[in-house]
Structure formats: structure tokens, C-alpha cells
Amino acid sequence: MGVRRSQCRETLRIRVGKWGALQLNYQKPHYYVKSNPKLKNYEGKFIPHDWLEHYPSLSKDDLTSREGALFLEITSTKDKNIYDWDNKIVMALSLHDMGKILMILEGGQAGSEVKIMHDPGAKSATAGKIQKHLNISSPKGVKTGAMVSVMQKSADGDTVSHTVPLSGDEVRVLATCIRKVIPSSLGW
Numbered sequence: 219m220g221v222r223r224s225q226c227r228e229t230l231r232i233r234v235g236k237w238g239a240l241q242l243n244y245q246k247p248h249y250y251v252k253s254n255p256k257l258k259n260y261e262g263k264f265i266p267h268d269w270l271e272h273y274p275s276l277s278k279d280d281l282t283s284r285e286g287a288l289f290l291e292i293t294s295t296k297d298k299n300i301y302d303w304d305n306k307i308v309m310a311l312s313l314h315d316m317g318k319i320l321m322i323l324e325g326g327q328a329g330s331e332v333k334i335m336h337d338p339g340a341k342s343a344t345a346g347k348i349q350k351h352l353n354i355s356s357p358k359g360v361k362t363g364a365m366v367s368v369m370q371k372s373a374d375g376d377t378v379s380h381t382v383p384l385s386g387d388e389v390r391v392l393a394t395c396i397r398k399v400i401p402s403s404l405g406w
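Just so we're aligned: the sequence shown equals residues 219 to 406 in this note's numbering.
Have a look at the derived ranges for each label pair, beta carbon to beta carbon:
#: 1; residue 1: K236; residue 2: P357; range: 18 to 24 Å
#: 2; residue 1: G359; residue 2: H272; range: 51 to 57 Å
#: 3; residue 1: I348; residue 2: H272; range: 29 to 35 Å
#: 4; residue 1: S385; residue 2: N254; range: 41 to 47 Å
#: 5; residue 1: G405; residue 2: K371; range: 32 to 38 Å
#: 6; residue 1: P338; residue 2: M365; range: 20 to 26 Å
#: 7; residue 1: K278; residue 2: K358; range: 50 to 56 Å
#: 8; residue 1: D387; residue 2: K263; range: 38 to 44 Å
#: 9; residue 1: D337; residue 2: P357; range: 27 to 33 Å
#: 10; residue 1: S385; residue 2: P266; range: 42 to 48 Å
#: 11; residue 1: T394; residue 2: S275; range: 43 to 49 Å
Capping the alpha-carbon separation at 16 Å, the derived lysine to aspartate or glutamate pairs in EDC-like fashion look like this:
#: 12; residue 1: K258; residue 2: E285
#: 13; residue 1: K398; residue 2: E285
#: 14; residue 1: K278; residue 2: E261
#: 15; residue 1: K398; residue 2: D315
#: 16; residue 1: K306; residue 2: E291
#: 17; residue 1: K258; residue 2: D279
#: 18; residue 1: K246; residue 2: E261
#: 19; residue 1: K252; residue 2: D279
#: 20; residue 1: K333; residue 2: D315
#: 21; residue 1: K318; residue 2: E331
#: 22; residue 1: K350; residue 2: D374
#: 23; residue 1: K246; residue 2: E285
#: 24; residue 1: K350; residue 2: D315
#: 25; residue 1: K361; residue 2: E331
#: 26; residue 1: K263; residue 2: D279
#: 27; residue 1: K361; residue 2: D387
#: 28; residue 1: K361; residue 2: E388
#: 29; residue 1: K263; residue 2: E285
#: 30; residue 1: K236; residue 2: E388
#: 31; residue 1: K256; residue 2: D280
#: 32; residue 1: K371; residue 2: D337
#: 33; residue 1: K236; residue 2: D297
#: 34; residue 1: K350; residue 2: E291
#: 35; residue 1: K361; residue 2: E324
#: 36; residue 1: K347; residue 2: D374
#: 37; residue 1: K258; residue 2: D280
#: 38; residue 1: K278; residue 2: D268
#: 39; residue 1: K306; residue 2: D376
#: 40; residue 1: K347; residue 2: D337
Simulated from the structure, these hints should not be mistaken for laboratory data. On a predicted model such as this, the values are computed, not experimentally measured, just so you know. For every residue, glycine included, the Cβ atom is placed at its ideal position computed from N, Cα and C.
Given the sequences, and given the hints that come with them, work out the whole structure.
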């Protein structure tokens, strides 16, 4: 496992061996400009001076807040210890999603599972064109491990899927990471 840090994202890779890998990227809560969501301020609700050079009419009223998110990237292997990151699937996990996953990872009994479906284009003209399904199951209980499966369907019918088994200790690490991210996502 390795950790990389940047101003707005923190990364943790969990390489699981011959089946695949998970990578978690945490995005801090931030403020962004409603009319230009690419303008993000992770330091607080104020307009940075360099923004005003290009957008002189911006004010604090143009900003809206966004809670933090955990981006789960998952991929399979192409060969021994070679991961297929070009065909990875990325899901942005909300606080609600993290809570569901944590329930399974911290106390899942044999046969427990969580299913999460995302439509990245929801509430827009691209609604329904891409669907992402995350399934975390523990057939024998989380102390023995869990299976993480993700599938992405696109409008043209293409489907990509990855399944990565996690051992009991890897489940513990993943649960610890999610538990730590939840308060940070709220800005606490």
C-alpha cells in the first residue's frame, strides 16, 4: 500500500494481487462556482484573488458548498502484478454510500451484501446513458473477506466489469479508511 497526497485529493492504493486492485481517492469538501463548477476552493467560502482577475463580477453568493467524496477506482489484472488501469471503473461514493459500505465491512454477517447503483448523468440530458453498479458481498462473513464487484454499462451496450476479492485484513484496512474519511467529508 502507498499513500500519495495532494492539495485536494489523497490517494490510497490497495493492491490485492492476482485478481485486481482498488484505489481510493478522497476529495475534500469545497466551495465551487455554480456557473463554473471547475472553479473550486478547498480553503473556505471566499473568492481567491486569481479568480477575480478572470471573473471580476464573482461574489460569495456565487459559491455553493459540496461535501467531500471518496472516489473508488477498481480494475482487474492483465497479467501477474500488472493492473489494467486503462479500463478501470471509477465511482464517486457519497456519505450515504460510505455509510452503507461501512455497515457491511464492520459487521457484516455471512451472506450480507450492499448494492449501490449510480447514474453519472442523473438530472441531466445524459441520464441513463451510463450506469455503474457496485456490489460488496461477504459470503462467509467479513472476518474471512469480501468480494468487491463493479460493472459499468454504457448507452451503446458496452459493459465493463471487475471483481476483486479482499482478505479479512484488507477489509479491515478499507473499513478504517472509510471511517476516517466520513468526518473529513463533512468538514469536521
